[in-house]
Amino acid sequence: MSLEVDRLECGYDRAPILHGVSLRVGPGELVAVVGSNGAGKTTLVRTIAGLLTVRSGDLRVDGSSFARTSAARRARSGIVMVPEGRRLFPQLTVGENIEMGRRAARGRTGGEDPVAALLDAFPILTERWDQQANLLSGGEQQMVALTRAVAARPRYLLLDEPSLGLSPLKTLEVFRLIEMIRERTGAGILLVEQMADQALQAADRAYVLELGRVSMEGPAAEVRASDEVRRAYLGVAG
Amino acid sequence: MDALVLGLVLGGLYALLAQSFVLTFITTKTLNFAVGEFVALGAFVVLAVAGWSWLPDVGKLAVGVLVAAVVGAAAYRFLVVPFMTEGEHDVRWLLSTVALSFVMLNLITNVEGPSPQRSETARLSGAVDVLGAGVSKQQLLIAVLAVVVTVLLVVASKKTSAGLVMRAVSQDPETTSLMGVSPRLVGMVTYAVAMGIAALTGTLYAATVGASPVMGAPLLVASIAVAVVGGLSSLWGPLLGGALYGVLSEVTSYEFGAIWGETAGLLLVIVVLVWRPQGLLGRRTEVKL
Chain E
1 MSLEVDRLEC GYDRAPILHG VSLRVGPGEL VAVVGSNGAG KTTLVRTIAG
51 LLTVRSGDLR VDGSSFARTS AARRARSGIV MVPEGRRLFP QLTVGENIEM
101 GRRAARGRTG GEDPVAALLD AFPILTERWD QQANLLSGGE QQMVALTRAV
151 AARPRYLLLD EPSLGLSPLK TLEVFRLIEM IRERTGAGIL LVEQMADQAL
201 QAADRAYVLE LGRVSMEGPA AEVRASDEVR RAYLGVAG
Chain H
1 MDALVLGLVL GGLYALLAQS FVLTFITTKT LNFAVGEFVA LGAFVVLAVA
51 GWSWLPDVGK LAVGVLVAAV VGAAAYRFLV VPFMTEGEHD VRWLLSTVAL
101 SFVMLNLITN VEGPSPQRSE TARLSGAVDV LGAGVSKQQL LIAVLAVVVT
151 VLLVVASKKT SAGLVMRAVS QDPETTSLMG VSPRLVGMVT YAVAMGIAAL
201 TGTLYAATVG ASPVMGAPLL VASIAVAVVG GLSSLWGPLL GGALYGVLSE
251 VTSYEFGAIW GETAGLLLVI VVLVWRPQGL LGRRTEVKL
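First to last, the protein sequences are chains E and H. For what it's worth, UniProt numbering labels the leading residue of the first sequence as 1, then goes sequentially. For what it's worth, UniProt numbering labels the leading residue of the second sequence as 1, then goes sequentially.
Everything labelled a hint here was simulated from the structure, so no lab data went into it. Hints should not be assumed to be uniformly reliable.
Claimed, not checked - Chain E stretches covered by chain H per the calculated footprint, using a threshold of three residues with CB under 8 Å from any CB of chain H: (1) 64 to 72; (2) 75 to 82; (3) 97 to 108.
Yeah, the Cβ is synthetic: ideal placement off N, Cα and C, and Gly gets one too.
When you get a sec, could you build the whole thing from the sequences and use the hints?
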């Protein structure tokens, strides 16, 4: 039972970006991928979500490969991505955006509505329900993007730079929401972040990506304590 | 006054066909330049089943619409999708749909011959008096249908879940695929509906001028003009564009002679393109973050 990335190679036309990346996310696990700009973090999640094609290697969920299926099919099977820059539908309302998320959950209903808990915890969402998405602040937009992903009933959730462009305070709030999503949905979460410190504090396990290769992996606390990571990503002089 | 009423009625015909351009443009950012031949296809399919006396006219119309819808969906899948893979600046679909237009034109001509054939299906004969102008009932039917189809499309896009998906795809197809909805499938459905509308236009129009392979050509330029004037990204656009284009060209040909009618209409297109490139009701394309 897990989402597995197995010796994945991919990239754009003539420029390979990932060179044999392997990683694993278990159910309910929060796994961080940190690395500098250009390390291939976004390419990694876009490939898992089906927006880029796999060149070689495999993607599996619970043992069966999904490397050749379409992005839409992956979303319907519960592999859900929140893209970089949030990518709300700008001219749809908050409610319509969340309704679009529910499309991916068709046929996988039952149990309590995962969105309801978030709406209770963050009343701002209900207040803004009929507002056009592009009129929201960056922090609010990220909340809507995460709620939309939850509406898709994710089994595995891929988050691409959720803190991008947010103030430190808003970033904290977004991390609180991510933690809550993990508790409520039991989804395995793959979190790709440049804010390495925060991501490593929140995560159970972590991978460091460097120039398209995994250079280090282990429990998040260990990765966070390692000299290389402290020097390279946490701004600690050494 | 006569010219005004006749212009509005004529504008309705163009508006109905313009809706096929607007629909495919909103969801897929592509236009099917073979729309004129789908007009003829619809007319000839309905002509082919005209002898089925057990089927009421509405049923015959539906057959024509369905056939055009299926061919339209296939055209999108096999002649548009493969030719727009290289991003926004890839407009090879423009050539492939023009090619489809020629192929269909020749196929229809080979099968049916070039001369117009009388079509009686869904034909209203006679004229009615509208504000003092004599308008053929058939043309009035087409104009009324343009309004009805537009209102139905607007309501569907606001109130139904298919409409929500259509609006989402028009804003961001990639993110729509992350919501479990295939933009390609949405495109096929849109092409089906749009070409169905073209076939409907064709059948009703054939009742006035007869069904012929080239019947769509004169409508094509005017309806593209109407779609551009109203705004390719607005479902209300064709009605406004149709009214302006129709009235302007009718009034001009009435006052200055027939040659100037179409010229005036096309001048309107140029003026609108200079002043408001997105069309009167169109939305400027959003810049992505």
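Verification of the supplied hints:
1. 64 to 72: Since 3 is at least three, the answer is holds.
2. 75 to 82: holds (count 4)
3. 97 to 108: As far as the stretch 97 to 108 of chain E goes, the hint holds, because 7 residues have Cβ atoms under 8 Å from chain H.
Hint compliance for this structure: no hint is broken.
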